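When you get a sec, could you build the whole thing from the sequences and use the hints?
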Amino acid sequence: MAGSASTPKNLDLPPAMIEGVTSVADWVIVWPIALPMLGAAVLLMARKRPEWQAPFAFVILLATLVANFMLYMRVQAEGPLTMTMGNWLPPYGISLTADALSALFSLVSAFILLIVVLFVQSEVETRENKYGYHSLLLLLLTGVSGGFLTGDLFNLYVWFEVMLIASFGLLIIGGRKIQLDGAVKYGFLNFLATTFFLIAIGFLYGLVGTLNMADIALKAPQVESGAIYAVAALFFLAFAMKGAAFPLNAWLPASYHAPDPAVSAVFAGLLTKVGVYALVRTHLLLIPQSHAQLQLVMEVVAAFTLILAPLGAMAQTNARRALGFLVVGGIGAMLAGLAIGSPTGVFGLAAYAVNSMLVMTALYLVVGLVERMGGTSDIRKLGGLYRANSWLSILFIVLVFAVAGLPPFLGFWPKMILVQAGVEVGNFWLVAFILLNSILTSIAGTRLWAHIFWRDGREGANSEQINERIRPLTTRAKVWGLLPAGALVAFIVVAGLVPQPLFKAGATAAFAIYEPAEYVGSVFGSLSAAEE
Amino acid sequence: MEIALSFLIGLFFTVAIYLLLSRSLIRMLLGIAIIGNGVNLLIFTIGRVTREVPPIVPSGEYAPLETIANPLPQALILTAIVIGFSLFAFLLVLTYRAYQELDADNTDTMRVAEPEDSPRPPLSY
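Line by line, the protein sequences are chains A and B.
So the first sequence is numbered by the numbering used here: it starts at 1 and just counts up by one.
So the second sequence is numbered by the numbering used here: it starts at 1001 and just counts up by one.
Any given hint could be a false lead.
[As the list claims (entries may be wrong)] Here are the simulated SDA-like pairs of lysine to any residue, each with C-alpha atoms no more than 25 Å apart in a straight line:
no., chain 1, residue 1, chain 2, residue 2
1, A, K381, B, D1117
2, A, K48, A, Q222
3, A, K381, B, T1045
[Stated by the list, open to error] Label pairs and their calculated CB-CB ranges:
no., chain 1, residue 1, chain 2, residue 2, range
4, B, Y1099, A, V42, 31 to 39 Å
5, B, E1002, A, I443, 53 to 61 Å
6, B, L1078, A, T475, 52 to 60 Å
7, A, E51, B, L1005, 37 to 45 Å
The set of hints was computed from the structure by calculation and includes no laboratory data.
All of these numbers come straight from a predicted model, not from anything done at the bench.
Where a beta carbon is used, it is the ideal one built from N, C-alpha and C, also for glycine.
Structural data, given as structure tokens:
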């Protein structure tokens, strides 16, 4: 728009526009969103060439990962980074703003999707490639990264919808009955959640007259009206539904076991975490005064989610449905961090989210391989997989320890920080629930492991009987399935043994949330520069 | 005008929530369509309904001369309509396919993903 031929010469631009060209280095914030979006579009055009899909998606994701890594290093070094689209001055233009929290989550998302695209090569049929499997995966990453990196509330809604439509496509690709059934429930409830989000945006706009997050962070604390608390409660409702917190969690275990295991893995890793991220943004940065008002609600929701999710996992006979409940349990731990609301609490939340993204994805991938060997995910019919493939059983038990939070695995450190945060503010009953969640999760997880791997045969079989249903993994499944899953687990183990990078990442992310001045400064900094 | 619109929005939401609480998917779809329109109307009202002139800058000026109507809510609604329409279209096709495959328009009988008579978890271990 700027510099087009129709611009009158006498127009006074500085009050509305950024003059001069955005430096190339600042473009780094656009690439994590633009690359997967472009990749998805190109792959859709190349849908007649199924053999191109996977290599191209891999290259695009590798580039996205590099872009995310550059963005993350930049944010770590220099603090929040902002680029406003179309060179309009904020708050007129739509800003993309990356702080340590959003850059961290975006980086982990790209990493997870890279692993999953490798895993997908072990199972996707050419037929599914034609219907755009890889483009939908890239589009999902676009929505997730966009949601993390945007600095505009309405834009966040748009990214939520991009994510939603991509996940619809992935959920029903293949068109089996169970997928259609799961997709109906997933579709209606998630669409309703984004509608609530839109209502909250409308009310907030009516109260503060702006949608730019940094601008809201400046203006919302000055709002005297009690209506701001109603807006905050609506945000909590919408994002708790997106994040599958109790009692709005029903859609998650109803749908996550329906699609391909790889798709389940991406969903478990990425989707609910965007909801949690949005909760942190809205309740701690945008409307900080609402946190004290909603704290009790958050605590109760977190406590119920922490306890009921692993109990639900124990009651399942379908391994992937049980994992769905474990995803929900992780959301409970993150909500506990949000409810505590101190910098240590957000530190624990950020670290736990990273842990949950990696570990839940890996668990679904491993269970995907189990399904391929056993032909079912019904734990009553599985058994004897330890004898058939001991590597797979090692991967699974390591992940169970990680998700339950046993030292020295990755899940232990975030839980420790969350407990420390709870003790610091004297919220001992929430601490008790976090610890109880660990015990219940380890029971639920080890029960799965014992039934799938440890015992010799299916339910009711003699101990010497060999489970004849089990087929060994094909070479293709070993190379493209076991290796990526194993690499992800190895990464989780190393990250658990050397937790310093996670600590550093989580601490800077929490610091970023409690320093709104830096976030706001990165958006409006260009404004003061223009005035000089 | 705002008050009248508020009541209208309230009516939209009431009807939509009533329909969404139904077991029939067709009614739920209608509820989704109505709640979408209710939200659009809400954003429109929240941007303040004014009888001002459209935000057009006369030639030779840089800024509008008098108070203008707020164009932003209209841009938001336009986006929300497009998104809401496409998602509604998807849900419509999805529901139709589900009706064909599962032979059910009633959420009580849609139990493929969560079988009603699901077996008890194994009691070993």
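Here's how the hints hold up against the structure:
| no. | hint | result |
| --- | --- | --- |
| 1 | A:K381 <-> B:D1117 | 17 Å, holds |
| 2 | A:K48 <-> A:Q222 | 56 Å, violated |
| 3 | A:K381 <-> B:T1045 | 58 Å, violated |
| 4 | B:Y1099 <-> A:V42: 31 to 39 Å | 35 Å, holds |
| 5 | B:E1002 <-> A:I443: 53 to 61 Å | 56 Å, holds |
| 6 | B:L1078 <-> A:T475: 52 to 60 Å | 53 Å, holds |
| 7 | A:E51 <-> B:L1005: 37 to 45 Å | 56 Å, violated |
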